[in-house]
Structures are given as C-alpha cells and as structure tokens.
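S.K.: If you read the sequences in order, they're chains F and V.
Counting in numbering that gives the first Met the number 0, the final residue of the first sequence is number 430, and the numbers go up one at a time with none missing.
Counting in numbering that gives the first Met the number 0, the final residue of the second sequence is number 89, and the numbers go up one at a time with none missing.
Check each hint, because a few of them may be wrong.
[Claimed, not checked] Straight-line C-alpha distance at most 25 Å; calculated SDA-like pairs for lysine to any residue:
#, chain 1, residue 1, chain 2, residue 2
1, F, K423, V, E74
2, F, K209, F, P358
3, F, K321, V, T38
4, F, K282, F, K321
5, F, K321, V, E67
6, F, K209, F, P31
7, V, K65, F, P358
8, F, K231, V, T38
Since the hints were derived computationally from the structure, they do not count as laboratory data.
All figures in this text were calculated on a predicted structure; none of them were measured in a lab.
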Amino acid sequence: MGKHKSPARYSAAGLAWRGLRNKSWPRVWREPELKSAYDVVVIGGGIHGLATAYYLASNHAITNVAVVDKAYLGSGGSGRNTAIVRSNYLTPEGVAFYDRSLDLYNTMSTDLNINVMFSERGHMTLAHTDSALRTMNWRAEVNKLQGIDSSVIAPDEIKKLSPSLDTSPNTRYPILGALYHPPGGTIRHDAVVWGYARAADAYGVDLHQKTEVLDILCEGGAGPNGKGAGGKVTGVRTNRGDIHAPVVVNCTAGWASTIASMAGVRLPITTHPLQAAVTEPVKTFLPTVIVSGSLHVYVSQTDRGELVFGASVDPVANYDMKGTLEFTEELAGHVLELMPGLSKMRLMRQWAGLCDMTPDYSPVMGPTPVDGFLVDVGWGTYGFKAGPVSGEQMAACIAHESMPDLIAPFVLSRFTDGTLVGEKGAAAVGH
Amino acid sequence: MLLVPCPNCGPRNASDMSYGGEPHSRPDPNTASPEQWRTYLYLRDNESGWITEKWYCSSGCRKHFKLERHTLTGELRNPPLPGNKTGGHK
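Next comes chain F alone, as it looks inside the complex:
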C-alpha cells in the first residue's frame, strides 16, 4: 500500500519556509466527484467516520472508500463535545477499550502530523455521597487490575491539586473524595477531525460533504423494498445520486436511529440533547479536569483560559439543539457550589449536541441483521474519547468480516442475548 499523494507536512521549518517565501498552503483535502460505486460507504463525517475510513486505508489497504456527511466534516458531536479523554471506566470491557483509545490519542500528533494539543492534565471525579465514594473505590480497583493509573484521593489532596475547589465540610454537598486519573486530559477536537480527514484523503479516501443520505438500498430482506433482517445492503441513495456499495457503515450520532431505520434496523437508542457552555477567558487557575456526578457538571479550562462546562443530558428525548435558560441557571448554581470564587465569571456561549443514549451506557458496534450494514453508534456522552479506537476496530471488523475482541462485547445482539455492558456508573454524570 502507498499513499495516494503526500500532503504538505506541517512543521516549524515548513511554516518558516512558506512564511518567508509567501507561499500558500495547499488545500487540506480534495473535493472529489461522487463515484457511482465504492467498496465501503461511511455515513457520518465526524471523528468516528473519518477514523474508520483512515484505518481502513492505512491498516487494511482498503482505499476505495467514501465518507458522506450531510453538512460539513465535524459538524455534529465531534465539534460539540467538551474534548475530555480518560479511560477510568467501570467494566473490564470498557476500561480495555477506552485505554486503547487513549494510547492512540497519545501518539496522534506524530501519527497524523497535526498538533491535536493533547493536554494530559489529570482527571478528577468528585464523590459527594457515600455511595458515590463506593463506586469510585470500585472503579479504582477495576482500573488498577487493568494497569490504569487511577486511585481514590482524600479532600486534602484534592485541595492541593485544585485549590479553587471548595473542599470544606460546610457545603450542601461536601466533597468526600475523588477518583483521580492522571492520564486523563483534554484534546482539541477539531484538530482530530481535520487530522483524520487529511490523512484519509491522502490515502485516496473520498470525503463528500453536503451529501445527505436519503435512503439505504437493500435486497432480500423481510421488510418492504428488501430491507430488514435477512437482507443485504447494496448501496445508498444521496441527494447527489446513488452509490453502490457492498458495505455501508452508520457512524452517525443523533441520526443513528433515522439512518438505521432506512435499512429496516431498529436500535436500542433514544436521542437526548446535552448542553454545554463556555465562559470568557481568564488567567489559568484550574489544572485538572473536574467532574461531579452528583452536581451534574464537568469543567475544564482550555489553553486560552476559557472554562468549558458540560452537563448531563436533557431528560426529554429531542433532536432540537437549542440552548435553554434552565440549563444555564442550573449549571451556574452547581458550578458555584464547587467553586464559589467564580461568581463574577460571565458565560460567553452555550450550545447543545445530540447524544444517542443506550440502555447500558455502552455503544453499539459491528454487524446488524442486514448483511453489509454495520453500525458504530450509541455513543451517548462518550463518543469523542472513543473515536480513534472505534475507527481502528471498525476498520478491522470490516476488513476481516469478524468482530475484534476489543469491541465484541458491544455488538447489537447483546440486547437480545441479555449480555449488557453496564457502564452507567462511570459513563455519565446524570444518574
């Protein structure tokens, strides 16, 4: 296998050379014509879709691949998350999976030749109740058994690591301890999207933006138009024409159920918006990522000094991404519980992203009852941190036509077999 064309490498020397000679940078990726057939069509141009396409090309030499997105690359969850990565999950399956993702993120800047600004600043999950502390201890032990750097620390240590937190016992929800995970941190999510897109394009993968999938073409299935269980996929219909493909991968978030229903597949997913907000930039004072399950909030400070807040998902299923006032009010109240010194901070923006929630807070990956139609969906509130490993493993799944060990627990049929992977205690703040 060889690269289709070599992209202009990003380096300090290259920057100086182009700057001094007033040379512009070439386009980062092509805008190719839509071909009538591909070996694989990936629906969704976010981190998951682009990573799948990239690893298909780089690890398995499958380069006749199209990535289609109805908007622009990274316009969905990939650009809306709060950019936190960690691997301190609750189940052995989850820990192994997310830890592989952290490994890939660690070497991503050199692998993809793009600065993803990985800041390994440590991740603290606060416990405000005895039961939360019990879960933290449980998680710490599961993590340690799998070789993950993760431990429960006391309030005085928390105060040392993040002095702005109110660790006194005189608050409504006193901080009793925290699960501290030093390898966790934040990453610039747009750079991850662009890095995968650029690298996939260099291998000859066609990236089609503003290409909306209107229908999935199937034959032989039990349902209408050959869709549904027992059938096989033959391609997709888009607003720019039909594409024939023996393999179609659904890598969408928010529209996972809509896309799957086009192939006659029902998923165990309900879609809820999750709101986030960012403050004005201030001098850096918050060294770690802080998460509080009881207060339904997580916060980190960006390199520019803004505080990024995320919350739990809205309680009502919705596809609407408007922000709400009650979210802002609740968020402000909860943040001030943790850090009373922030009372004068002003919020700059708020936004929402769509989270596909599954019953066990684990994703749904791999084959479906329709042959050739694969899913990489159900990413709830944890899709960003799992992007690289999902792409790598989905690519292996497509190339070898079998489920790799790392993602075998997340197969769709677990919901009919009753082998769920319960991650609620470690995956979400809203419980």
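Dock chain V against chain F, hints included.
M.R.: Relative to the frame of chain F, chain V by itself:
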C-alpha cells in the same frame, strides 16, 4: 422550557412532570420469548419528527397521558383534553 399541557392542570413546566418516552404494548410475560421481551425492553423507534409519548403529571394531578410532539421543532398537536379516555397509560 417545554410547556406540557396536562389535561387536568393545564400547561405546566416539563420539570413538574415525569417523562415516559415512547409507549409500547407489553407482550404477555407468560408467553413472550426472551427475544420478544428484550425487544419490548430495549428497542426504540426514536423518530426525528412527530412522535407520541407518555407523560406523568408527577407534581400535579398524577394523571398519565399521551402527547404528540415534534422532536425537531418542539411543536405540540392534539393536546389531551380533560377526561380524555384515549390519553390513558397502558
């Protein structure tokens, strides 16, 4: 905030209510196969568009009722009326 029209209490904040999601007809537990039972438990249509969903007026009159709502625009239609027998919980 979403104003939910309770058939007895009138429009109330969604935070006064409990959300029940998509209604399903439960298979008979005595005869259902594990697969039918788990399909009932887990699989959802999750449509983007008009849906019918269950609500429970938990801090008001405690009536269960169904509501038609558009999940993309937030519009409501055919709000349940007082004494509406079809709006009951199954």
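S.K.: Take the hints in turn and mark each one as holding or not.
M.R.: Verification of the supplied hints:
1. F:K423 x V:E74: violated, 31 Å
2. F:K209 x F:P358: Violated: K209 of chain F and P358 of chain F sit about 32 Å apart, past 25 Å.
3. F:K321 x V:T38: violated, 32 Å
4. F:K282 x F:K321: violated, 30 Å
5. F:K321 x V:E67: Distance of about 20 Å is within 25 Å: holds.
6. F:K209 x F:P31: This hinted pair holds, its Cα atoms lying about 12 Å apart.
7. V:K65 x F:P358: Between K65 of chain V and P358 of chain F the Cα gap is close to 22 Å, so the pair holds against 25 Å.
8. F:K231 x V:T38: holds, 22 Å
Hint compliance for this structure: hints 1, 2, 3, 4 are not met, and every other hint is.
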